[in-house]
Structure formats: C-alpha cells, structure tokens
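Chains as they are written, first to last, in numbering that gives the first Met the number 0: chain A, 0 to 346; chain B, 0 to 245; chain C, 0 to 292.
No lab work stands behind these hints, which were simulated from the structure alone.
The model shown is predicted, which means the values in this text are computed figures rather than measured ones.
You can take every hint at face value.
Derived DEER-like restraints, expressed as beta-carbon distance ranges:
hint, chain 1, residue 1, chain 2, residue 2, range
1, A, Val310, B, Val87, 43 to 49 angstroms
2, A, Val122, B, Arg185, 47 to 53 angstroms
3, C, Ile154, B, Arg8, 46 to 52 angstroms
4, C, Gly57, A, Pro297, 48 to 54 angstroms
All C-beta atoms in this analysis are idealised placements derived from N, C-alpha and C, irrespective of residue type, glycine included.
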Amino acid sequence: MTSNSVPTTVDEPPRTTPVTVPGVGWRDRLPVRLGTPLVAGLVLLAVLALAVGPNAYLAGIVIETLFWITAASAWNVLGGYTGMLSLGHALFIGVSMYAVTYAVNHGWSWWAATPLIVVAMTVIGTLLLFPGFRLRGPFFSLATFALPLIATTLAVYAKGLTGGSQGETWPVNPSGGQFVFVSRVPYLLVIGVIALVSVLVSVFIDRRAIGRRMRAVADDDVAAEAAGVPATRTRLIATATSIALSSLAGCFYVTYVAFVDPTSAFALDVSLKVVLLAILGGLGRSYGPLIGAIILIPADSWLAGAFPGGVHLLLYGALLVVLVLFLPQGILGGASQLLVRLRRRRA
Amino acid sequence: MTSPLLDVRGLTKQFGGVKAVNGVDLSLDEGEIVGLIGPNGAGKTTVFNMLSGTLRPTRGEIHLAGREVTGWRAHRVCAAGMTRTFQVVRPFRSLSVTDNVLVGATGGGAAEGQARSIAAETLEFVGLAAQAHRPARELSLIDLKRLEVARALATRPRVLLLDEVFAGLTPRELPLAVELVQAIRRRGISLIVIEHLMQVVMNLSDRVVVLNHGEELAVGTPEEVVENPVVIEAYLGTEYRDAHGL
Amino acid sequence: MTLLQLVVSGVLLGGLYALIAMGLTLIFGVMRLINFAQGEFITLGMYAAYWFYISLGGNPYLSMVLVVPAALLGGWILERTLFRRMGSAPPAMQMLVTFGLSLALQNAMLLAFGGDYRSASSSFAKRSLHLGGIDVGVGQLVAFAASMAIGVGLIIALRHTRTGRALRAVQENRYAIQLVGVNVERLFAIAFAIGICLAAVAGVLIAPNYFISPTVGGGLVFTGFVVVVLGGLGSLGGAIVGGMIIGIVESLSGFYLPGGLKDSFSLAVFIVVLLLRPAGLFGRRGAEEVGFK
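With the sequences and hints as input, model every part of the structure.
As structure tokens, then:
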C-alpha cells in the first residue's frame with residue numbers, strides 16, 4: 000500500500016499549524032507503551048500465584064477466571080472490535096483441546112504440541128471463517144452458531160480420533176513435559192501468562208491503527224474501504240488473532256480439566272459465555288473481557304456450587320437480556336459515560 | 000500534451016438487464032473542478048461508486064495519473080490518490096472525530112505519527128478542531144459533512160469525489176461549504192462534485208458534465224451547459240425549473 | 000422401507016418444519032429480527048398440550064383454544080416490553096437478546112418441569128393408516144394438514160387483508176411506509192405475536208408425536224433456521240418449499256447415512272446454502288451482505 004501512495008509534494012497539507020492543536024489531549028500524544036500493563040500484570044500474577052497456590056479451591060477459581068479472560072479477550076478481538084459476532088467460538092477452543100490431548104497421548108510434549116496446534120488451528124479456522132466474511136450481522140452469527148453443532152456430531156462419530164461420546168482423558172502421572180503437576184502453581188503461572196498476553200494483544204490493538212481500522216470496518220465497511228482501509232485484510236487479521244488466542248486457551252484448559260468430550264468441548268455454554276463476559280465488561284474495550292471475567296466467573300463458580308442444575312444458565316440468559324437492554328456499553332462503557340456526565344456537570 | 004489527471008473512457012455499469020451507466024467518458028485536469036449533474040436516477044452516484052472502487056464497472060477504463068485503476072478495490076484506489084465522500088454521511092459512529100480522520104490518514108499510507116499531525120491539521124482546516132474528542136455520533140449534520148470531507152482529505156488524495164456535500168444544509172451554511180470546496184482546490188486537489196443545487200454547481204465548476212438515464216448528455220462550461228437546448232429539455236426543463244421556480 | 004415411504008415421511012415432516020419456519024421468517028421479514036427464542040415457544044406449546052391432555056384429560060389438539068390466545072398475547076407483550084426498547088440497536092445486538100431469552104426460558108422450563116421426557120401421545124394420534132403400502136401416522140397427518148392450512152391461510156391473509164398488505168409493505172421498505180403514515184410499531188407487535196403463535200401452534204401439533212423436554216424446541220428451531228435460509232429469509236412460500244426439501248433430505252439421510260452423521264448433514268446443507276446462495280431459493284438477494292442497514 001505504501002508503494003502505491005502518491006508523491007507527497009502535491010497533496011501534503013501545508014504545515015503552518017503546529018502538530019498539536021487545542022483539543023488534542025494527552026492520550027493522543029502518548030507513545031504506544033505496553034510496559035506498564037506488562038509489569039503490573041506480571042507482579043500481580045506472581046503475588047496471586049504465591050497467595051492462592053496452596054489453596055486448591057481458590058487456585059481453581061483463579062485459574063478458571065484467567066482462562067475465561069483469555070477466551071473472552073480472544074472473542075472480543077473479532078466480535079467486539081471488528082463487529083463479527085461469532086456464536087461458535089467453542090469450536091476453536093474445543094478442537095484445540097482435542098488436538099493437544101491426542102498429541103500428548105501419542106507421546107508429544109505439551110510444550111512442543113501447543114505452538115504447532117495454535118498455528119494449525121489459526122490457519123484452518125481462518126480458512127473456515129473466510130467464506131463467511133461476506134455475511135453481515137446476524138447471518139455471520141447464524142453460520143458460526145452451526146459450526147460447533149457440526150463439530151459435536153463429527154466428534155461423536157470419529158471415535159478413533161476422539162474417543163467418541165466417551166471422550167479422552169489427559170495423562171495422570173506427574174510429568175513436566177505432559178503438563179501434569181501436583182501443585183497448582185504451574186497452572187496458575189502458565190494460564191496467567193496466556194491471559195496477560197491476550198489482554199496485552201487487546202491493549203496493543205486498542206492503541207494502534209489496526210484497532211481503529213477494526214472498529215471502522217465494524218461500523219461501516221464500505222466507508223472504511225473508501226478511506227483506504229483494506230477491509231478484508233483487517234477482518235483476516237482479527238479472525239486469525241482471535242482464533243490463535245482461543246486455541247491457546249483451549250490447549251491450556253484441557254491440561255487443567257484433564258478431560259475432553261464432545262458436549263463439553265463444543266458446548267453452547269462456552270460460545271455464549273465468551274460473548275457475555277465481553278459484553279458485561281464492555282464490548283470492544285481492551286479491558287472489557289478482563290473486568291467481565293473477574294466479576295462473573297467467581298460468582299459463577301459459587302452459583303454452580305450453590306444451585307446445581309440450570310440456574311446459572313437461566314441467570315446467564317437473563318443477564319444477557321438485561322445487559323443488552325440497559326447497559327449495552329458494559330461496565331467500562333457505563334463507567335466512562337458516568338465520568339463524562341460528572342465532568343460536564345462540574346464544568 | 001500530458002494526459003489528464005483522471006481519464007475515464009466508456010464507463011458502463013449493468014444491473015441485471017438495466018444499464019445504470021452507459022459509456023460515460025470523463026476527464027479531470029490537475030486543479031480542476033468538474034460538476035456532475037443530472038436528474039435523480041441518472042447514474043451519478045453509480046459513476047462515483049465505480050470511480051472510487053466501491054462498485055466494479057461492467058465495462059470501461061479508469062486511468063488515474065497515468066495508471067489504470069479499473070476494477071481496483073476502494074482501498075487501493077484510495078492509496079493511489081482518489082477517494083470519495085458519501086451522499087448520506089457514513090461516519091464511524093463508535094469512533095471519536097479524531098479517530099475517524101486518523102483512519103483516513105493511515106488509510107492514505109501515513110505512518111501513525113505523521114497521521115496524527117495530518118489529522119490535527121485536517122480537522123483545523125475543516126473547522127472541527129473543537130470537536131476533535133467527541134464521539135462522531137454526537138455531531139450535527141453540518142459537522143458530520145465536515146467530518147466526511149475531513150476523513151477523505153486526510154487520505155491526501157489528488158482527486159476528491161464529493162457526493163452532494165451541500166444537500167440538507169441551511170442557506171446560512173451553504174457559503175461556508177462552498178468556501179471549503181474552493182479551499183480544497185487551492186491545496187492542489189482536483190474535484191468532481193455531484194450537486195443538485197444549480198447555483199452552487201455553476202459557481203464552483205470549471206466544467207459541467209450532464210448525465211441522463213446513465214448516458215452523457217452534454218459537457219461544457221457552466222454557461223454552455225445552461226444554454227444547451229438538449230440539457231434544458233431533459234433536465235433543467237423539468238426539475239430545475241420546477242424546483243427553482245424559473 | 001421403500002423410497003416412496005421415505006419421501007412421504009419426509010413431506011409430512013417438512014410440513015411441520017414449514018410451519019416453524021413461517022413464524023421465524025415472518026418475524027424476520029417484518030422486524031429484521033432473528034429470533035433464537037422461537038424454539039422455546041414451540042416447547043411451551045408442547046407442554047401446554049401435555050398439561051391439557053394429562054390434567055384435563057382432553058384431546059391434546061383441543062389445547063389450541065387456550066394456546067392460541069395466550070401465545071398471541073404473550074408475543075404482543077414481549078414485543079412491547081423487550082424489543083421495542085431496542086429499536087435502534089444493531090440487529091446483531093437484538094439477536095443476542097433473543098439468544099439470552101432462549102437460554103433463560105429453556106432453563107426456566109428445566110427448573111419448572113424437570114428434564115424428564117414426557118409424552119402426550121393420545122390413542123387417536125397414535126393410530127396409523129395404511130395407504131397403498133405406505134404407513135402414515137394419524138398424528139403426523141394432522142400436523143401436516145394443519146400446518147399447510149395455516150400456511151396457505153396466512154399467505155392469503157397477507158395478500159388480501161389491510162393489515163396483511165401493510166405487513167408485506169413493511170417487509171419491502173420500512174422507511175417508506177412510515178412516511179405514508181402507517182403505524183410500524185403496531186405492525187411489529189402484530190408480526191411478533193403471530194410469529195410466536197405459529198411456534199406455539201406447531202408445538203401443540205407435534206406434542207402427540209414427539210417426546211417433550213425443555214430442549215426439544217431448540218433443536219427444532221435450528222432446523223427452522225435451515226429452512227428459512229434455504230427458502231429465503233422473509234419468504235412464506237419459500238418457507239413451505241424449503242420445509243419440504245429439508246424434510247425429505249432428513250428422511251433420506253436418516254436412512255442412508257450412518258446414524259452419527261445424520262444430524263450434521265442438514266447443518267452442512269445450511270452452511271453451504273448460506274455461503275453459496277445466502278438469499279435462499281426465493282428471497283431477495285443482498286440483505287445478508289448489506290446486513291439491512
């Protein structure tokens with residue numbers, strides 16, 4: 000694209016005005032820096048691992064939360080920033096769970112298999128969604144909704160690879176290579192780093208041209224193209240990023256739950272939860288899924304324990320309705336609106 | 000003799016059996032403003048859609064600065080130096096005013112740092128600097144039109160296609176908009192302007208192209224076109240006279 | 000099993016799919032809303048028929064006298080309370096509301112009725128006719144005949160009544176019709192109420208032939224989406240033809256394909272149609288790409 004750009008002598012706007020004009024705030028002049036969230040995240044993670052590591056129950060909740068931060072952040076790149084509301088993200092998590100289980104049960108090390116699976120899943124998944132790029136709004140959602148349903152029946156059918164409806168289990172004897180540990184700390188650290196990466200990816204997207212381009216494509220792809228945004232390439236980048244992070248989340252999750260079967264891997268519950276967490280925190284906001292997961296996942300663990308059965312799904316459904324109706328911008332969006340209103344009142 | 004900046008030959012668009020645009024020739028010289036007029040449904044916006052790469056032409060050729068850009072996707076045409084605004088404003092509603100313009104600036108090929116100064120300068124130029132941090136969805140119509148122009152300008156085009164930027168403006172806002180277009184030309188940008196308001200188009204344009212039923216009816220200076228009996232019959236005779244009480 | 004028998008079973012099944020799809024497609028056509036919660040109203044219809052049969056000892060079909068007005072009223076109220084509030088939200092967000100509603104209703108029914116399979120199989124519906132070597136269940140035949148009658152009646156009503164014509168006009172152009180002074184909000188409520196009612200009626204009609212559980216409607220409604228996409232979103236005639244096609248495809252694939260793959264077959268058909276001809280067989284092209292702005 001830069002090779003196509005016209006010589007700037009003709010059309011370069013005259014530089015009479017200073018670079019910063021009144022009305023451009025400090026955030027616009029801020030250089031892109033991921034250092035602060037990176038350091039803060041690592042410190043927080045180390046403290047967390049030391050604090051809850053010995054307590055299996057608390058560690059479990061933290062691990063779950065970190066996993067959902069990753070999965071929801073991954074979804075948010077596609078559904079939040081780029082406006083492609085996938086209702087089938089369980090597919091990428093589930094297939095990765097199966098693939099890494101198969102690899103480890105056939106003598107691979109988790110550490111070697113995971114990067115390969117993430118790359119393969121990203122390529123295959125992006126190719127799979129690519130024909131759907133021309134479907135807009137609800138049509139894209141319907142198509143993605145069908146994908147995990149198909150995967151479920153195929154997983155039940157392909158017994159040789161997947162163990163059929165019985166599913167497959169993870170090795171049980173402690174082994175660093177196969178990611179089987181007695182202590183919770185390694186799990187906490189690994190998913191913590193993965194979650195940190197996923198949030199940093201969102202922060203990076205948020206602060207760079209690519210994030211604006213994703214939002215522009217989500218708002219109006221025709222206008223975006225006219226303004227020089229390669230819409231298809233932008234969608235490809237969003238799709239690949241989203242799938243890669245989802246796949247990474249899946250590769251980790253199965254080491255922790257140590258089991259994968261068709262109904263849990265491709266559950267509607269999973270596809271829905273990533274959407275819900277992102278909307279709860281704030282759709283298309285870099286810290287939205289993080290906030291959503293920190294609030295909802297611990298509450299969910301408690302609910303699932305306190306009321307077995309469908310109560311938590313009933314509440315999810317109701318929460319989704321209430322959120323979209325009354326807080327469509329999520330907690331972060333609502334908070335920032337409130338701040339703006341307060342500031343205006345004071346001014 | 001150098002070839003014109005924009006050279007369009009035999010541009011045709013067929014939808015099913017209907018030829019929305021049929022064999023239109025157009026040229027635009029460096030620094031020129033060409034008015035594109037015609038009754039509703041004459042195919043003006045379809046011509047813009049094809050020039051900007053939003054629609055693929057059925058037939059015909061588009062040359063921009065000596066390079067053939069026929070059938071290119073809009074983002075490539077934009078990077079090659081031609082972009083457009085939309086008749087109905089299409090801001091990125093979830094972005095701030097600055098971010099809208101930044102999308103255009105990086106879309107035109109600028110790196111982030113350079114894009115920021117381009118955006119700030121462009122907003123100043125169109126008179127939106129004070130609104131820079133508001134969400135685009137909160138702007139008034141005239142400001143949305145300004146934003147539409149700013150986003151296109153930020154791509155640093157050589158050719159800018161303006162699709163009815165004056166429609167819906169109040170009589171008091173009109174001179175401001177006319178002044179804006181003239182200021183754009185002074186920056187060395189060549190323009191094709193679709194416009195319904197005859198006084199505006201006659202004032203602004205160096206040449207006028209009249210479309211009717213997708214075909215080119217007449218080309219000439221504003222004076223020539225207004226006096227052309229075929230044009231008066233087909234276009235000015237009905238709509239213009241009715242609409243303007245002439 | 001002869002081929003003819005499979006085709007006849009497929010057509011009977013297809014009539015039911017057509018009825019379910021008509022409700023979806025009416026709501027979509029008028030309101031541009033993809034209603035995931037439609038399946039739960041099928042399920043509610045089934046439970047109503049079951050309750051009518053078990054508690055009152057009546058013929059399950061007679062529960063219509065209660066179900067139809069209740070569903071119309073429920074649909075009307077739901078439209079006024081939930082969907083009217085989000086008129087300007089993007090279609091995808093509106094769809095998320097129906098998704099949430101679906102989940103909430105399904106699990107509320109699970110809590111209220113339990114997960115056990117129930118059956119409202121009356122002796123009348125269980126009977127089966129033998130016609131020229133083909134077995135036809137009376138229950139299926141009733142469901143098919145009623146579906147077709149409702150479908151044809153609905154198409155006629157849309158063509159020849161004032162409200163029907165207004166509904167069709169809204170499908171064509173919801174902005175233009177507001178200009179000519181038609182109360183579009185009222186039409187939305189009517190379309191939604193009729194759509195919900197069609198789902199509940201479908202539930203009553205199949206109650207004698209299906210095992211009833213809280214999740215059964217969700218599965219059926221997905222087949223409904225397949226039919227709607229195949230027939231063309233917004234097209235009632237397309238829903239009928241699409242229903243027949245999917246019914247026959249399911250009946251044949253259920254016989255010729257291994258059991259595990261049967262379910263994914265119509266889903267695969269769905270995705271292929273969505274990608275190759277997203278406007279369906281009878282729908283207008285373009286909506287899926289424009290996303291109806």
